[in-house]
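A.B. asks: Listed in order, the protein sequences are those of chains Y and S.
First residue of the first sequence: -7, per the working numbering; consecutive thereafter.
First residue of the second sequence: -12, per the working numbering; consecutive thereafter.
Misleading hints may appear alongside valid ones.
Going by beta-carbon spacing under 8 Å, a handful of chain S positions derived as facing chain Y [stated by the list, open to error]:
| id | residue |
| --- | --- |
| 1 | L(-3) |
| 2 | S16 |
| 3 | L32 |
Hints listed in this document are in silico derivations from the structure and should not be mistaken for laboratory results.
Remember, it's a predicted structure, so these values are computed and weren't measured experimentally.
For glycine and all other residues, C-beta sits at the position ideal for the given N, C-alpha and C.
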Amino acid sequence: MGKQTIKAWSWVHKWTSLLCTLFLLMLCLTGLPLIFHDEIDGALNPDSWTPANPAAEHLTLDEILDTALESRPGEVPIFMSFDIERPVVNVTSGPSADAPGSAMHFASFDLTSGNLVPPADNGESVMEFILQLHTDMFLGLPGMLFLGFMGILFALSVVSGVVLYAPFMRKLEFGTVRRQQSKRLKWLDYHNLLGITAVAWLLVVGLTGVINTLEEPIIETWKSQELADLVASNEGVAASASRASLDAAVSAAIEEAPDMELQFVAFPGSGFSTKAHYAVFLHGRTPVSEHVIAPVLIHAGTGEVAGLREMPWYAKALSLSRPLHFGDYGGLLLKLVWAVLDLLTIFLLVTGVYLWLARGNRRMRVERQLDNGEVLEA
Amino acid sequence: MSASKPRVKLSAKRLGAIFAVPAIAFAVSLAGLIAALLVEGRADLFFAIASGFGLIIAAAVIFRK
Chain Y
-7 MGKQTIKAWS WVHKWTSLLC TLFLLMLCLT GLPLIFHDEI DGALNPDSWT PANPAAEHLT
53 LDEILDTALE SRPGEVPIFM SFDIERPVVN VTSGPSADAP GSAMHFASFD LTSGNLVPPA
113 DNGESVMEFI LQLHTDMFLG LPGMLFLGFM GILFALSVVS GVVLYAPFMR KLEFGTVRRQ
173 QSKRLKWLDY HNLLGITAVA WLLVVGLTGV INTLEEPIIE TWKSQELADL VASNEGVAAS
233 ASRASLDAAV SAAIEEAPDM ELQFVAFPGS GFSTKAHYAV FLHGRTPVSE HVIAPVLIHA
293 GTGEVAGLRE MPWYAKALSL SRPLHFGDYG GLLLKLVWAV LDLLTIFLLV TGVYLWLARG
353 NRRMRVERQL DNGEVLEA
Chain S
-12 MSASKPRVKL SAKRLGAIFA VPAIAFAVSL AGLIAALLVE GRADLFFAIA SGFGLIIAAA
48 VIFRK
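Whenever a hint applies, use it, and build me the whole structure from the sequences.
C.D. replies: Written as structure tokens, this is what we have:
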């Protein structure tokens, strides 16, 4: 590896790292509680709710929807989702189907009685604040894309770090930490050792984070390309006054894909459907396919099935990148591993800044060594 | 004067030695991360440990010394 090549990689490593450090630090600090969001929610909201009539036959989805809209006059349904372990249906409504999140209203209903289920929202505002800060820094799409760019810089800093690892370790055994020499050398060795052993996780979490920041463009592309024919055929169609049965729509959707399970329903005009269709989202039953969802589009006025539209590869990549980024797919031990690696990343960021600040006269020494062909002998 | 540029010569053997442990850590961690997504049940425990294999190596090196 030539002197100029090493200098170029050093430049890449230095500047990609420095530019993203502050934002990565924020992402690591906010990401830490997000890893344990289920446990935190569970601890703050012990589940004492029980269904009113456990033995009773469940109400229909149409009945629940009517009940939900009666209590929100003037609003339209946006989403309907389903608790996995409780007979509870969640209805999101708003002044219009494309209302922003801040204008949406979320309520949960007992499937056995239609009663409202008390919200389990202790600590929710704090977790939502943390999630929003982590996702887009309260800046919407520009914030997401900016953080995505920071993620690309981070991935570049990891790759350049791997490239530079070879000349750094030229005369050292793996795992060498020179504790007896300068303080800077000691932290440099720790930085290199911990960085090189965590490369796989750093790249996976960094790159899936970048994919996640593209969520809005990905969904828009899916709608404008894969669903273009449906959207085009319904352009200008006013929302149908008569609503086809939601239960029939869900049953028809499940008939289309009997090997899949119901996940949620997006109502006409919402971000995940067209102006004229219910989009009934199903997910697979296997560990892999449960993260991949597919919508069955059903005309909301006539109940006619428009067909199952498999998500394109880029939307599937988005679905798989979510669990791989948050680490909430493999039990508590995996979450603990995630947390330790998150803390390790903070250590790498802090030591990286320290090594840069403490470079001082060493830069001249390194340049002299470079001139002598003794590259990066620390 | 000759145009010979200063170079850090790293033989394939030396490069292999430098990256041997990091490459194993990378492969095992990546396999663990992906396998934990593909398989459910008790194997999750095993794959979680595999995901943190790099941490185990680093800890072993640091505490050994």
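A.B. asks: Have a go at the L32 (chain S) hint: is there a Cβ in chain Y nearer than 8 Å to its own Cβ?
C.D. replies: holds, 6 Å
A.B. asks: Hint L(-3) (chain S) vs chain Y: min CB-CB distance below 8 Å?
C.D. replies: At 6 Å from the nearest chain Y Cβ, L(-3) (chain S) passes the 8 Å test, so the hint holds.
A.B. asks: Is the hint on S16 (chain S) kept, meaning its closest Cβ partner in chain Y is under 8 Å away?
C.D. replies: Status holds, d = 4 Å.
Checked against the numbered hints given earlier, the structure satisfies every one of them.
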